[in-house]
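S.K.: Take a look at the letters that make up each chain.
2 protein chains.
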Amino acid sequence: VPLRLQIFTHVRGAGRAARADITRALGVSAGSVTPAVAELIAMGLLREVEEPARDPGRDGARGRPPVALEVVPGTRPVVGVKLGADRHTAVLTDLSGAMLAEAALPASAGRRPAARLLDETAALIDRLLAAAGRPACDLAGLGLGLAGLVDHHAGRVAWSPLLTEREVDLRAFAEARFGLPVQIDNDANLLTLAELWFGAGRATSDFVVVTIEQGVGMGLVLGGRLMRGTRGMGMELGHTKVALDGALCRCGRRGCLEAYVADYALAREAATALALDRPLPPAQALEALFAAARAGDGAAREIFDRARRYLALGLSNVVQIFDPALIILSGERMRYDYLCAEAVIAEMAALGLPQGRPPARVEVHAWGDLAWARGAAALALAAVTEALLG
Amino acid sequence: VPLRLQIFTHVRGAGRAARADITRALGVSAGSVTPAVAELIAMGLLREVEEPARDPGRDGARGRPPVALEVVPGTRPVVGVKLGADRHTAVLTDLSGAMLAEAALPASAGRRPAARLLDETAALIDRLLAAAGRPACDLAGLGLGLAGLVDHHAGRVAWSPLLTEREVDLRAFAEARFGLPVQIDNDANLLTLAELWFGAGRATSDFVVVTIEQGVGMGLVLGGRLMRGTRGMGMELGHTKVALDGALCRCGRRGCLEAYVADYALAREAATALALDRPLPPAQALEALFAAARAGDGAAREIFDRARRYLALGLSNVVQIFDPALIILSGERMRYDYLCAEAVIAEMAALGLPQGRPPARVEVHAWGDLAWARGAAALALAAVTEALLG
Numbered sequence: 316v317p318l319r320l321q322i323f324t325h326v327r328g329a330g331r332a333a334r335a336d337i338t339r340a341l342g343v344s345a346g347s348v349t350p351a352v353a354e355l356i357a358m359g360l361l362r363e364v365e366e367p368a369r370d371p372g373r374d375g376a377r378g379r380p381p382v383a384l385e386v387v388p389g390t391r392p393v394v395g396v397k398l399g400a401d402r403h404t405a406v407l408t409d410l411s412g413a414m415l416a417e418a419a420l421p422a423s424a425g426r427r428p429a430a431r432l433l434d435e436t437a438a439l440i441d442r443l444l445a446a447a448g449r450p451a452c453d454l455a456g457l458g459l460g461l462a463g464l465v466d467h468h469a470g471r472v473a474w475s476p477l478l479t480e481r482e483v484d485l486r487a488f489a490e491a492r493f494g495l496p497v498q499i500d501n502d503a504n505l506l507t508l509a510e511l512w513f514g515a516g517r518a519t520s521d522f523v524v525v526t527i528e529q530g531v532g533m534g535l536v537l538g539g540r541l542m543r544g545t546r547g548m549g550m551e552l553g554h555t556k557v558a559l560d561g562a563l564c565r566c567g568r569r570g571c572l573e574a575y576v577a578d579y580a581l582a583r584e585a586a587t588a589l590a591l592d593r594p595l596p597p598a599q600a601l602e603a604l605f606a607a608a609r610a611g612d613g614a615a616r617e618i619f620d621r622a623r624r625y626l627a628l629g630l631s632n633v634v635q636i637f638d639p640a641l642i643i644l645s646g647e648r649m650r651y652d653y654l655c656a657e658a659v660i661a662e663m664a665a666l667g668l669p670q671g672r673p674p675a676r677v678e679v680h681a682w683g684d685l686a687w688a689r690g691a692a693a694l695a696l697a698a699v700t701e702a703l704l705g
Numbered sequence: 316v317p318l319r320l321q322i323f324t325h326v327r328g329a330g331r332a333a334r335a336d337i338t339r340a341l342g343v344s345a346g347s348v349t350p351a352v353a354e355l356i357a358m359g360l361l362r363e364v365e366e367p368a369r370d371p372g373r374d375g376a377r378g379r380p381p382v383a384l385e386v387v388p389g390t391r392p393v394v395g396v397k398l399g400a401d402r403h404t405a406v407l408t409d410l411s412g413a414m415l416a417e418a419a420l421p422a423s424a425g426r427r428p429a430a431r432l433l434d435e436t437a438a439l440i441d442r443l444l445a446a447a448g449r450p451a452c453d454l455a456g457l458g459l460g461l462a463g464l465v466d467h468h469a470g471r472v473a474w475s476p477l478l479t480e481r482e483v484d485l486r487a488f489a490e491a492r493f494g495l496p497v498q499i500d501n502d503a504n505l506l507t508l509a510e511l512w513f514g515a516g517r518a519t520s521d522f523v524v525v526t527i528e529q530g531v532g533m534g535l536v537l538g539g540r541l542m543r544g545t546r547g548m549g550m551e552l553g554h555t556k557v558a559l560d561g562a563l564c565r566c567g568r569r570g571c572l573e574a575y576v577a578d579y580a581l582a583r584e585a586a587t588a589l590a591l592d593r594p595l596p597p598a599q600a601l602e603a604l605f606a607a608a609r610a611g612d613g614a615a616r617e618i619f620d621r622a623r624r625y626l627a628l629g630l631s632n633v634v635q636i637f638d639p640a641l642i643i644l645s646g647e648r649m650r651y652d653y654l655c656a657e658a659v660i661a662e663m664a665a666l667g668l669p670q671g672r673p674p675a676r677v678e679v680h681a682w683g684d685l686a687w688a689r690g691a692a693a694l695a696l697a698a699v700t701e702a703l704l705g
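In order, the protein sequences belong to chains A and B. Counting from 316, one number per residue, gives the positions in the first sequence under this note's numbering. Counting from 316, one number per residue, gives the positions in the second sequence under this note's numbering.
If you are wondering where the hints come from, they were derived from the structure by calculation, not from laboratory data. Just so it is clear, CB atoms sit at the ideal spot from N, CA and C, and this is done for glycine as well. Take the hints with a grain of salt, since some may be wrong.
[What the hints assert, rightly or not] Restraint ranges, calculated between C-beta atoms of paired labels, are given here: (1) 426/A <-> 606/B: 35 to 45 Å; (2) 481/B <-> 702/A: 50 to 60 Å; (3) 657/A <-> 702/B: 45 to 55 Å.
[Unchecked claim] Coverage of chain B stretches by chain A, computed from C-beta distances (three or more under 8 Å per stretch; other residues unrestricted): (4) 565-572; (5) 622-633.
The whole structure should be built from the sequences, with the hints applied where relevant.
M.R.: This is the structure in structure tokens:
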């Protein structure tokens, strides 16, 4: 890794850093830091700021105030977009990751061709740039995230619930459409990147993020790096099998974890549990089921209980395989108490190996859509930084 | 990584290498390689050998023959021990990994205190040294592998089917007993190390090893490194849950993969399937069951069929999580056709996500106990090399 990229990454992560801090943190000589910093300043990426003395009483108030470095605010903005089933969300951030603007648009229903999905993306970016008052030609990159089987390295979407086509070269399509460097990834990796750049990653370098929404996703960070499986995919926790010949999953197989805990899995049992004459649309079915459970309906309660137990089983499998120190449960779903996070955590501990290690710490981070979009921005930022300085 | 360790590792891996090959492979200057090689020769670790000209016709037969480097045969021998339920196996290898001798002893039955297990280990090492005609004082290190929850980094065994105690500081006990640096690990990691050093690892740097014996184990190699889970344990594929409230596992929980595919899981259904008046010991029960299945007994066949389907399910979960390019099925069990590897592989492919990536390649490596012991030796070799040159 070139020294100038190391220096930029250190300053970005620290917010502000003096040259002496950089020299110490990277274990390099002051003589090598000085020209690299000068280059970063000349590129318009870093600037000097006067650091308010942390303890003015000690050194006295006299003398030259210490000088720190920070990322130039507003420079090289990127767009992060989370494409969702119900709505699309976007953020504009500068190269430090600071948010400059945000925007959202309702998504069109059902699957659509990739070209239509990019039309929706274009409308969202227009709205975002208008909110920020910046022209499109300012943009340095675009990060796009969506649910499905996404091969980040190849830039291909093998399958997504948002797309009619399979095996779409979405990165190439989007680059041609927007005239920008584009990065794509699945939505669970976005949320994991958001944690790595702006959340748990500031304190720990090894953790697992499990996302529960329309489906069940997973992201893994080891040694401060997002792991994507040995062939750029993998981490498909939602399609690990928790029963032989089990419930039908929308992927076409049976017994997937998703087929027990995702929204559609719960919703499809609603008509039976509530003895409805005809099925409700999934969102309404889930609401009705939840209301019935809260009112004490036994069949409705059992649906949520079972989902909770299967989710605990899936999480305990993550513990058996990775033995992580921290598991983050994330996604919109965790805002509601459908699955009752505390009960899930207790059940998960009861499924773990009785011997040995202390249980993994579990945190619930109920971020909204913006966190996913910020993760998409982090994806773009990493690529832009690498292209500028790598 | 110090240059001398990089050079040693390269020569060891290549078998023989000329100075020019080393310079090229490591991307360093010839001027830095020369003194480091001199140091390795002075330490008695490398020696010069005349390389027979590969294409004598081209350069002519005249001139000085090219000189290559190799690891000095027989230097710094280490012992690798696999402690098993039925027997213990050991190999003596030199620092190049070449086998100098092997030995085996029957294991005492059931669980025993750690001190007794080390008595058995001592008897095995005596036999091994006698076979090699070398004194104990020659030894540079010992690698010990056994089934159970083994924390390699801490040197502790949380639980093992071979031990009466829990939370045993086995590394420290063994170091005190043998006066040698000791490394410990679980048996699946040993077999994975054996693949990494002497098998598949020579051709590929990312693969998964699944071991099927008394239990079900797993080892993961990413980027040429054995991954041990974020807290030094993990990779407990045998204790991932494949059914909620499922079959009882010997770990005390229900629904573990092992509880459907391990020897004991099959054996315990034998009395029912074969309508025996009283149960047979596990090994006999398994033999009887297998004989009955081959003779066409429906109940016996179904036991193996179910085990095979659950094994396929567990492997398909490995694919969903890691998306490996290569899965190696290993262990004694794969020598027999109990589980019929080809049927497992077909079933596994049928459980994968229907979209996207090509199926993982699956290879069956039916190594015997010696491979596990060689893996234990690799564990010791890595530590000895690191201590000498790191």
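S.K.: Could you run down the list of hints and mark each one as holding or not?
M.R.: Results of checking the hints against the structure:
1. 426/A <-> 606/B: 35 to 45 Å: Taking Cβ atoms as reference, residue 426/A and residue 606/B lie about 54 Å apart, which means the hint is violated.
2. 481/B <-> 702/A: 50 to 60 Å: Cβ of residue 481/B to Cβ of residue 702/A: about 53 Å, so the range 50 to 60 Å holds.
3. 657/A <-> 702/B: 45 to 55 Å: holds (47 Å)
4. 565-572: Our answer is that it holds, as 4 residues pass the Cβ test (under 8 Å) against chain A, meeting three.
5. 622-633: Holds: 5 residues of the stretch 622-633 of chain B have a Cβ under 8 Å from chain A.
Violated hint: 1 only; the structure is consistent with all others.
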